[in-house]
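Participant: Top to bottom, those sequences are chains W and B.
What the first sequence shows, in numbering that gives the first Met the number 0, is residues 0 to 270, in sequence order.
What the second sequence shows, in numbering that gives the first Met the number 0, is residues 0 to 283, in sequence order.
DMTMM-like cross-link-like pairs, simulated, lysine to aspartate or glutamate; straight-line CA separation at most 25 angstroms: (1) W:19 to W:154; (2) W:19 to W:155; (3) W:185 to B:72; (4) W:40 to B:72; (5) B:198 to B:155; (6) B:4 to W:99; (7) B:263 to B:236; (8) B:268 to B:244; (9) W:109 to B:36; (10) B:110 to W:118; (11) B:102 to W:48; (12) W:109 to B:115; (13) W:63 to W:148; (14) W:28 to B:72; (15) W:103 to B:72; (16) B:4 to W:100; (17) W:141 to B:72; (18) B:4 to W:148; (19) W:26 to B:72; (20) B:198 to B:208.
Short, incomplete list of chain B residues facing chain W, as computed with Cβ under 10 angstroms: (21) 20; (22) 31; (23) 70; (24) 72; (25) 74; (26) 76; (27) 111.
Just so you know, the hints here were simulated from the structure itself, not pulled from any lab data.
Cβ atoms here follow ideal geometry from the backbone N, Cα and C, with glycine treated the same way.
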Amino acid sequence: MEKEQSQFKLDWLLKMNLSKLIQALNKAKKLRRALPFHHQKIHGLDIPDGEYPKILPIVKAIFKSLKSHGFDIRISYWGEIMVIEPHRKINVILSLGYFEDETKLAVFRKQLAANNYLEITHNQLVFNRPQLKFRAARRGTKWRVFYLDEVNILDEFALYITSQIIDRTASLTSHSCFNFYQNFNKVTIEDVMAIIRYGAALYGSSTSLYSLVRDENISCYPESVIIESHQIQLFSFNKKSYPYVLNKKALNLLTLLPIEFIDNKVKIGRR
Amino acid sequence: MKPKKLYCLSINPLYADTKKHTVYSNLYPLPALCLCDFNELITSHISKLSQLIIEMELSEVSAKTTNITWFFEQTNSYHINIPSYIHVSETSVYFSGYLPPYKQTYFVTSKVPVNEILDNAKMFRPIDMARLSLPLAKGMIKELGFRYQAYEKTNDRFYVLDDVLTALVKLDGETAEALESDTSSYLLALSSEISSLNKQSESIELEMELLAKKLLYRVFGLTVGDWISTDSTWRPDKRVQLKIERIDYYNESITLSGPIITQKGDIGKRTESVQIRLVTKNEP
Chain W
0 MEKEQSQFKL
10 DWLLKMNLSK
20 LIQALNKAKK
30 LRRALPFHHQ
40 KIHGLDIPDG
50 EYPKILPIVK
60 AIFKSLKSHG
70 FDIRISYWGE
80 IMVIEPHRKI
90 NVILSLGYFE
100 DETKLAVFRK
110 QLAANNYLEI
120 THNQLVFNRP
130 QLKFRAARRG
140 TKWRVFYLDE
150 VNILDEFALY
160 ITSQIIDRTA
170 SLTSHSCFNF
180 YQNFNKVTIE
190 DVMAIIRYGA
200 ALYGSSTSLY
210 SLVRDENISC
220 YPESVIIESH
230 QIQLFSFNKK
240 SYPYVLNKKA
250 LNLLTLLPIE
260 FIDNKVKIGR
270 R
Chain B
0 MKPKKLYCLS
10 INPLYADTKK
20 HTVYSNLYPL
30 PALCLCDFNE
40 LITSHISKLS
50 QLIIEMELSE
60 VSAKTTNITW
70 FFEQTNSYHI
80 NIPSYIHVSE
90 TSVYFSGYLP
100 PYKQTYFVTS
110 KVPVNEILDN
120 AKMFRPIDMA
130 RLSLPLAKGM
140 IKELGFRYQA
150 YEKTNDRFYV
160 LDDVLTALVK
170 LDGETAEALE
180 SDTSSYLLAL
190 SSEISSLNKQ
200 SESIELEMEL
210 LAKKLLYRVF
220 GLTVGDWIST
230 DSTWRPDKRV
240 QLKIERIDYY
250 NESITLSGPI
260 ITQKGDIGKR
270 TESVQIRLVT
280 KNEP
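Isolated chain B (complex conformation):
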């Protein structure tokens, strides 16, 4: 049997810096430390919640838990029946809670990386390129292509309009005479269109990122925080081991980047990246 993992977490106030202001530190008593036993019950709960995050495309999920003990220094005792919540995001787990006369959470614990808690997280996952020819993958790749085209279009228009705007601003700045009313209204209209284009391109970028994440999960079964080990894209005879931290889509290829994993099995300092080409060149 494996030894259970007991973690001792530090506490931070959620809203104001109550450690500095004496009035608030009296009013909002903070626990000194939080103890959490990551046994099978709670780890299965965490893995269930993280599954939910991927399926519903969320960034963080919270739920009520009971397996946590808080220590209060004011009463010098462990409080077991404090209402507490578990928060699970893609990469980390933390807890929050409140002392009963209050009705809102006002302290949180520090964050613990998910793959320290889950047992199967420290395994290298394979990337099966053959799965890209599945009908599901093909549809998603096509959709990504459309998004990318729209992104390119808005970007092109943005750059052209930006040139015009800078020219007009230059005209306004370098001539002593005031602009005609028509020209100044052009200036206004241009700047408003540019800002709306900027927003549009940002939203498309976000959509593409989400789609790429979805594709990666549904086709390869990979998510943020997983460890992978593949051939390097840039140097053919080298092997790359990394922990996925970022997923980017650019021009029919997905780039996975993150810190490398050393030979000892720890997370290193340097970052590496791997490119997955979604469309092979000899395809019609």
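Chain W with its partners taken away, still in its complex shape:
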């Protein structure tokens, strides 16, 4: 009886954790619209809204299977999914969406530079099949790609993905000289710049972000940014921009990022 109860409690806890993860993914959806304006590639759930109900059960099943194998799952405010292997703490990045192999793309880009258009066959580019891919966050690892439209039994597929992750991380050591994702879930200046560009695109000239991005001397590679309660200022190595006044719209956008204000002021730089 007690055993059953504890099992039930464990299941309930798992469910709670899962719903929290899904909530975090849903919350990140709003911010992910700014991703085309971001300089770094941020992985995660890149699925149009119409296909969410189709993909979400798969994500849930995979999370459940990973949790039962002792994996820790973290989701950043951008919606990046990081799976941490329990024994050696190896970070694995998980991503779902419509992707393309980068080496394939380079070939096509080269051909398109010479011709205006190409006639290709259907199996050269895979563009209408949702994929799942994962990769250990280490130097020299490869993306492992799985197609989601071939999935029949969810639990089986989830177990298969889990076993694949275990297999692929088996040969890696626990020590790595460089951590790619040391800024995971921390706000950097690139994040702030992405939001500024997105705001400029969204609201046009009705916010001061519009003129801030067009300040060519400073907005290309800023070193740090200071956000006060109602103004924003960018700093480069030897220059600084004018302080720009933030109106309500702009402030609302910027507060989508988890910025911690100390005395109504915060300085964000490259870490």
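Take the given structure of chain W and dock chain B to it, following the hints.
Facilitator: Same frame as chain W, now just chain B:
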């Protein structure tokens, strides 16, 4: 079943050269490539739109479509739900679109010739000269004749006035004394009339071109971009195959010109032309 045609198109920014200016390339993310599957659905749409162009005498039509996929390198993924438009002109098809926070199109794809996409475009069309005696054709030919007369009249007047103007300008330039006020006002009036005549003749020319196109479509069923194969006008024993690119009307005859089509069925480099006489000489 025929294999479907999948095209991979390159992308160009619509307004500024955003590839060069870093600030704008950050602000206006461009897709790396555009994929379009020219299946039956989209080809029928294209042929419908091109029909509209001919009937309404337009130069380009655009409509919203959904069958296109754009690839963005920033997110490394295919975006399916990007608002995109198809643009069809007489000879080519291209697409345009924008990323959702924006509300205006800011990138376009390169152009694809229509007759590569449509299946029935690579067929030689006949020219049935007997259809010129239809009442519809006769009325249009008459109207074209009137336009041509008006064109000739304005041109004659233009050349005569031009001579007078050059003479007056010469007078102004070669004599040391200043012109009288009357003469200089003549000069002004003349130059303004000449420019208005020029505009008039240009507009008549455009009208004639449109009318000739209309006649060609409604009488022979031919449009720009069609392939034709007829006897040569200049050499009686030779056959000419060409793709229509230009339609001109001059003195009761329509001239069709364009690049030749080689024996292999490709579009060649040299251009040829064919003349269609609208009024036969022995007619009263």
